[in-house]
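Colleague: So you can see what is in the structure, the chains are spelled out below.
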Amino acid sequence: MELNVHDQEYMHSGHVACPGCGAAIAMRFLLKALGDKTIVVLPACCWSIIAGPYPQSTLDVPVIHSAFETGGAVASGVRAALDTKGDTDTTVVTWAGDGGTFDIGFQALSGAVERNENFIYVCYDNEAYMNTGIQRSSSTPYGAWTTTTPGAQWKKMRKKNIVEALVAHRIPYAATANIAFPEDLVKKVQKAKAIEGSRFLHIFASCPTGWRIPSESSIKVARMAVQTNIFPLYEVEEGLKYTINYRPKEYPVREYFKLQGRFKHLTDEDLQFIQEMVDEDWTLLLRKAGEHV
Amino acid sequence: MKRVVEGSQAVAEAVRLARVEVISAYPITPQTHIVEFLSEYCANGTLDARFLRVESEHSALAALIGTVSTGVRAFTATSGQGLALMHELLHWAAGARLPIVMAEVNRALAPGWNIWVDQTDSLAQRDTGWMQMYCENSQEVIDTVLMAYRLGEQVNLPVMVVLDAFFLSHTYEPVDVPAQELADRFLPPFDPKFLLDTQNPCAFGPLVPPNAYMEMRHSIAVGMDQALARFPAVEDEFEDIFGRRYGAVDAVHCDDAEIILVTSGTITSTTREVIKALRARGEHVGLLKVKLFRPFPLEEIRRTLQTAQKVAVIDRNFSFGASGIFAQEIRAALCNTVDTPPVFGYIAGLGGRDVTREIIEEIYTNTKHNEVPEKESIWVGLQEV
Amino acid sequence: MTAKAENKTGEFLLLPCTSMSTESNLTGSWRFMKPRYEEKTAPCSAACPAGEDIGRIEMLVTQGLFKEAWDTILRENPFPAVCGRVCYHPCENNCNRGEFDEAIAIHSLERFLADTASKNEFKPSIDLRPARDERIAIIGAGPGGLATAYFLALLGYPCDVFESTSATGGVLRWGIPLYRLPLAVLEGEIARIEALGVTIHTGRHITSDFLKTAHERYNAVFVGCGHSKSRKLGIDGEDLDGLEEGIRFLEKIRRGDLPAVEGTVAVIGGGNTAVDVARSAVRLGGKSVLVYRRRREDMPAFEHEVEMALEEGVELRQLLAPVEVKQTENGYTLVVRSMKVVGEDEDGRAAIEPVGETTEELTVQKVFKAIGEEPAENWYNPPLKRQNVMRLNHSVLVHEPRRPAVVFGGDLTSRIKSVVHAVASGKEAAIALDVLFREGADAIRARLKSCAVGGGAALSMEAYMDGLRKNRSHHTVRYEEINTDYFQTTSRVTQPRLLIGERIGSFKEIDLKISANLAIKEAERCFNCGLCNQCDNCYLFCPDLAVCRDESSQGRHINYDYCKGCGLCVVECPRNAMILEEEGQ
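Protein chains in written order, with my numbering: chain A, 1 to 293; chain B, 294 to 678; chain C, 679 to 1263.
Be aware that a few hints might be false.
A few chain A positions that, by computed beta-carbon distances, are all more than 12 Å from chain C [claimed, not checked]:
(1) ARG28
(2) GLN107
(3) ARG170
(4) ALA194
(5) ASP281
With a straight-line Cα cutoff of 25 Å, these simulated DSS-like cross-link-like pairs (lysine-lysine) come out [to be verified]:
(6) LYS569/B x LYS85/A
(7) LYS249/A x LYS1191/C
(8) LYS295/B x LYS37/A
(9) LYS85/A x LYS156/A
(10) LYS712/C x LYS220/A
These are computed hints drawn from the structure, not numbers from a lab.
Don't be surprised by glycine CBs; every beta carbon is placed ideally from N, CA and C.
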């Protein structure tokens, strides 16, 4: 793989992420792309724990842990302080899970990007409140089991489209990324770093524990999400210009769902319904990207 | 120099003099004028600061936690519901040992909507680790904001400067707005002991297991003790430069008082008048104004009240299921002394209801004519509504 | 940065702030599965009778290390330039990439490396063992004998090679036409073997008496005389002038006679010799008809040779068996009978029967017979008895006490008669003799097994000589074990050839060179099954940063203090160069 970054690590071994944790991989790539002039704002999420218990820190950059819903707000404050001190080099990054982005943290995120605060907000998405024990979030996909959508009450709401919600704020840059596509991820982080204003990255980060997949399948499952059009790789500039970054193989959604225990209750009928939803979303995305369908 | 300013502007002037560099606030009546003055100061260059127009009070305080963690002096203001919304982060700011200063305009909590003075909002936050200083007039507000930065930055704890809704926030008073050089002499630049620094990276606020958490809480307690111990010295410095001091408490005619009335906020200035009148009539009455509520000036209060025969506390607040909060704390202060005077607790003025001289006199009379309080809390002036 | 700071009163300020990394937490204790690097056998290298380390060769090509790649071939095969032209490449049939899109053009790449070596005058850099005392005589300087001499030279043994004809090469010179293998190429390969100290005596015909006195000078003899006698058809007219042995015809051409061929000639047979005869006749002006008694798919000749023959205008008459040759006024008549397939015989070939009694007559100028060859003298055949006779995969070793060991190899003992099988038998013979001399006959089978590629029939001299290859697991990587997510379909390189018109006018070499650029592109298609090509997937995907780069030959190691055994590295290795085992094994 050609990552086009300095061969430098900003993360230590010895952290307590689950074996195969996609969030750990995502952070590693993020920091390799951003470098050491970075301050991480870390609202409550799995990484609050992965970041290390007192007095240990997993990361070699400054981190400010923050309350669950404050990712966008604390970053705004850090940025204001840095600007006051005349520091224009340091990047402020909020590193939040789907809970702290889609749900409880949405207000602060929306507020911050509406003000076009100069920071990068990264949501690493494992599609549930994993840190507190796999409860559903508005990022949990249609069809998933979670501890709060168990049995027959599996989630029958669509996954919230967070990128589109932020694109509606007309922010300078929004993009999806995926741990199975590190070159694309790194490129997008580097691109985001060079832009001023609010930048949003939505990173797909598999969770073996919560998705009921073997730990060695994290990357494979993440890759399959892209190949089945469930998680397309695209970016939106200025809330207007859509670019699809990768042409997936367009496997049927079944190929993705069959790999994961959290979906094992779905029938063929359910999968057909999901396939239609995915196809519809993909068509919509193609249209936004200017392709005739 | 002396100017007639609205209480809200007094706050803004103090923030200017303190050379605050980042302000983050969300409007709520009756704090709005503070925010508007500060916006204007930032826009016209009177104050060289960044103003974050956040989308809620919770985010306002969250932003400042970020700002002060990065080593820059910051300010916010709120009131009532806004303070309640900040609750979670009040704990956070104190636990993170960040010397944030906030102007808190005492306002009643909903429901029903009530924008007028009531102390329950600030007192409900008395456990958060924030220092609380209650002000009687706009001069005290300006002075207290400056002292708050000085003291807060010494002990690394946040400070709430509390002022009554409308009676202070929207009242115009003549106030000495000090010169910037004097303010600079009193308040040096913020020199943080720790901050987010890419040259020296560490993580703030990580998981702290049982084996270390208690020690950190103890450190906050120690910080509060240090604040209490240092407050007189800060006032010494202040007095040297500006010629004014207030004391953690202000004891008026307490030495020979048989009954001491305990007040805070603007009720105090009315009570001063009542005390004058009563004493003129030969009543042995005194007044203890509580300015510093957190840290609680236990020794001073105990010493001052111990000698009285009775204590009457006027609470413009209430802790449901218990009693008025100042009364609670006073009773606790007196409990380990010999010969403690009975403490009469009076609840008055909630939701902006006026506490008149007559009411205060009534409180005095009631106290005088009862050996012991007939009830733990006496609600004054309840009507048919 | 400490979490405790003095404030101005001199008392401690203790806040939640970190002061060290997480490295004291050894998460390796969590592990119940353990990954490690283990190189495995690529199916191409197991299928190659010479056991060439093909996966690594192609990897070196992608890195532009053509000399190193060429050296890697030489460790297992002295004839890259020959095989790169005439081998039937069983490697490609077993290539895992074939299940993904198209097999790697291994044959073309081998040719490319040989061409590059020749152009740049590479000198081999391969290991040689110290000189040994035992001397070995080798009878026959064909591919079998020459390969044996080569491998024995690597192992430190001086060899004398005796060749009955006037020049070396055996079937490579006398049998294979120039348009497949130019003379300069062959001579270059043989010169390299001689440079190792092998002495070749041409024009020396060895009789069976040699074995009686061999013990005076030699500790072992390799019999690599090959099959140089044409089999008889057993039909009337066999001895007519017009019925010529195919291999003699080819030999004549190589000696410089270029007999003109007029009219139509019939070539009886379906092997490479028959096809070579047919195509050579075309080049000499004639029209060729191949007459074969079975079907095209049964022909032992290499498929691409048959295809090219047909392109060049050779006619193929299937299911026709010869009955008789009659001389006529202006030529000959070949009488043939139709055959039909009635099942399979015990060798797996089509069983055939005549169709009725009717015959057909073909009018030709000449008839060539090329139905196979056999040893010219009886004593070339390995003895049938059992005692002191070891039948190995590619050769037969006779080790009687107080007599020199005799090894029979090459076409004499290979079921498939090809150059690469000859190389395989030479290697096996050399190793068997080396073990015999050092440890005794009882150790031979075990030692051969220990250097078997993928545990199969091919041997690795590199493994035998204690090279890194000996550490490779015998597990042969299957297509399902390749992580094809990391590959895109790409088309295979096409080695250019002379156009048909250009071909049939002369004996010029047909296959042309490919460029380094194309070679590298083609080599990049190789999965490198089971071998680590330093792609760094393991290093980049480890969530625990437990894969550490280092200066070792592997290039990285796993830090087991932190490895949680999640297995991501193993799954994301595109080429199955790692293994995940239960902890504690």
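Colleague: Tell me if the straight-line CA distance from LYS295/B to LYS37/A falls inside 25 Å.
Modeller: 48 Å, violated
Colleague: Please verify that the nearest CB of chain C lies beyond 12 Å from ARG28/A's CB.
Modeller: 7 Å, violated
Colleague: Take a quick look at whether LYS85/A and LYS156/A sit within 25 Å of each other, Cα to Cα.
Modeller: 49 Å, violated
Colleague: According to the definition I'm using, a residue is off the interface if its beta carbon is farther than 12 Å from all beta carbons of the partner; does ALA194/A meet that for chain C?
Modeller: 23 Å, holds
Colleague: Straight-line Cα separation of LYS249/A and LYS1191/C no greater than 25 Å?
Modeller: Cα-Cα ~36 Å, so violated.
Colleague: Taking the shortest Cβ-to-Cβ distance between ASP281/A and chain C, state whether it exceeds 12 Å.
Modeller: 23 Å, holds
Colleague: Confirm or reject the statement that ARG170/A sits farther than 12 Å, beta carbon to beta carbon, from all of chain C.
Modeller: 35 Å, holds
Colleague: Does LYS220/A sit within 25 Å of LYS712/C, going by the straight-line distance between their CA atoms?
Modeller: Roughly 19 Å separates the two Cα atoms, so the pair holds.
Colleague: Against the 25 Å threshold, does the CA-CA distance of LYS569/B and LYS85/A hold or violate the hint?
Modeller: 52 Å, violated
Colleague: Could you check that no beta carbon of chain C comes within 12 Å of the beta carbon of GLN107/A?
Modeller: 26 Å, holds
Of the hints listed earlier, those the structure fails to meet are numbers 1, 6, 7, 8 and 9, in rising order.
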